[in-house]
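Can you make the complete structure from the sequences, with help from the hints?
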Amino acid sequence: MKYYLIAGERSGDLHGSNLIKGIRENDQDAQFRGWGGDMMAAEGLELVTHYKDTAFMGFLEVILNLHKISGFLKKCKKDILEYQPDALVLIDYPGFNLRIASFAKAKGLKVFYYISPKVWAWNQKRALKIKQNVDHMFVIFPFEVDFYKKFDFKVDYVGNPLMDAIANFRPDPDFKQKNQLDVGKPIIALLPGSRRQEIIGMLDLMLTVQPHFPEHQFVIAGVRNLPSELYARYSDNQNVNIVYEATYDLLSVAEAALVASGTATLETALFNVPEVVCYKTSGFSYAVAKRLIRVPFISLVNLIMEKEVVKELIQDEFSEKRIVEELAKILLGGAGREIQLQDYVNLHQLVGGPGASGRTGNLIVKYLGV
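With the first letter of the sequence shown counted as 1, position 200 gets the number 200 in our numbering; the numbers rise by one all the way through.
Please keep in mind that the hints were generated in silico from the structure rather than gathered at the bench.
Just so it is clear, the structure is predicted and the values come from calculations on it, not from any experiment.
Note that the Cβ used here is the ideal one computed from N, Cα and C, for glycine as well.
Hints should not be assumed to be uniformly reliable.
As the list claims (entries may be wrong) - Label pairs and their in silico Cβ distance ranges:
#, residue 1, residue 2, range
1, P142, E308, 33 to 43 Å
2, E338, V370, 25 to 35 Å
3, D152, N179, 48 to 58 Å
4, S319, V370, 22 to 32 Å
5, D152, E229, 46 to 56 Å
6, F143, G95, 19 to 29 Å
If you want it as structure tokens, here you go:
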């Protein structure tokens, strides 16, 4: 069978790479083509376009790049028609993938969606459009099953794919030495995101708190898909280190973390690292989001737990003073550290164990009748 996969960001690339393994376990003759990143390509995807060229964050940024996005959509549609896949597998990335789903369904292609768009957070009526254009939806949060029931759309709950990635991770025992980290100094990890706008908008502010914690070393989780000059300015700081493509190794040795909102908030919690969630975007994008979003939290940890487990510093709240206050609470000896770690125990139970990629791969192949 021929599979066309589309992932538009770093986390989608990770989950897409594991999904390819899951499909291949059930269809040994599977062929893969599509949009994604290095991890998917390493598993055998014939890569058409890398996600680093297509990632735009925020309403204003999308508006300013509408011409580029339109060009990407045309390119993708043309390539799908030329490839004629037996299955189109869309991974998260709703702004792009929901348009592709509508196009593909009209062309008579089989459409699968892995990791549901967060339609429960805003504009919930999009679920009707998903029901119309998607043959099978594979969701990763239990509450999403009940959400889609309201629209008479039966979906498959497969568990959270992060547990696959974490289960497959083996920490490097020489990680600190290889990256010239101070072996005796506790680490505060900085996870500023994988998009250019996130680095520019948040990393400087994260680092303003460094003088307040002289007994700690600050380590930035860098990614290779971004230009090296984005990080170059921090390499001269003697108390700041940058490690590339080693976020899990960093989390495995960190005492606490400052984390940009997104998948990384859940990854950090699943590594049992107390965290403060940070988020800042353009004033325009934030104003629009406030009017549209219908959920009380932005971090996956708090959404899953349905309460504030990790502190969220959003927009104006994301300041040096507030970061210092909240970070101090979750360091060793801090008043909030043990409370957060105890909540993480319950979080692990809700998220469940590994196997999401294998279950999804099995179901896709089963639904195709291979």
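**OP:** Would you pick out the hints that fail for this structure and give their numbers low to high?
**Re:** The structure breaks hints 1, 2 and 4; every other hint is satisfied.
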